[in-house]
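J.: Work out the full structure, taking the sequences as your base and the hints as a guide.
For the sequence shown, position 167 matches number 166 in numbering that gives the first Met the number 0, and the numbering has no gaps at all.
For the record, the hints were derived by calculation from the structure and aren't laboratory data.
C-beta: ideal position from N, C-alpha, C; glycine also.
Treat the hints with care, since some could be wrong.
Here are the in silico distance ranges between beta carbons for each label pair [stated by the list, open to error]:
#	residue 1	residue 2	range
1	Ser18	Glu82	15 to 25 Å
2	Asp105	Gln84	34 to 44 Å
3	Thr109	Asp150	32 to 42 Å
4	Arg101	Gly173	34 to 44 Å
5	Asp130	Pro61	17 to 27 Å
6	Ile186	His129	14 to 24 Å
7	Asp86	Gly120	34 to 44 Å
8	Glu154	Gly77	32 to 42 Å
9	Asp150	Ile186	16 to 26 Å
10	Glu181	Asp105	38 to 48 Å
11	Val155	Asp72	33 to 43 Å
12	Gly178	Asp105	39 to 49 Å
13	Glu104	Val185	18 to 28 Å
14	His129	Gly178	34 to 44 Å
Straight-line alpha carbon distances no greater than 16 Å define the calculated EDC-like cross-link-like pairs of lysine to aspartate or glutamate that follow [unchecked claim]:
#	residue 1	residue 2
15	Lys139	Glu154
16	Lys139	Glu175
17	Lys139	Asp150
18	Lys139	Asp83
19	Lys139	Glu124
20	Lys139	Asp86
21	Lys139	Glu82
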Amino acid sequence: MAGHHAPPAGGAGEHVSPSLLRLLDALTTMPAQVGTDLGVTLAQNRLAVALIGDQVSAFSGPARSFIHRFFTDPATRGQYPVEDQADQARILVADLRAAIARRPEDPEATTMVRTLRAASGHFAELWDRHDVAVRRADRKRIVHPLVGVIDLDCEVLATQHQDQRLVILSPRAGTEAAGQLELLRVIGHQDLTAEERTATPPPR
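T.: Written out as structure tokens, the structure is:
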């Protein structure tokens, strides 16, 4: 739909909410994506892909969850400045605890926590603090290899059952973020045009 990657097969919670998808389609000037409360990305707009890469089809298994990748993959943590990573780790774990509280018997959720506790001592330490917080708004600084650190406000809109959320990233006032996002939009459009030219057979 509207050029989004189709989400991989999974549980009932992975069928993208139509209302969130309509909102995502309307957002063309800001990075936005729809994901589950376990950190699995289900749909992204083109600017989100240009900012943080394909999060929908590029991963499989436990790595489909951004939370899992954050605690097990240095490259994923590297999307944030080093000085921001500790705060992001606490936010992710507290939000995951809120998700687990909503579905304590869910095998996907319990397996994810068990796997992360075994894979990451840092995650296990934060998990044992029992901090709980529902994520609604945040500030994010994203490190992009071409345009540098982008300072963004992060707003989160959740479905009624809070199992899916639309994450919207907007330029933070008083920063260069608006110009950086515009540059990413142009770069992304150029890349898309190049792919279309490559895929189009030459005229006979």
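J.: For which of the previously enumerated hints does the structure constitute a violation, in increasing order of number?
T.: Numbers 1, 2, 6, 7, 8, 11, 13 and 19, in rising order.
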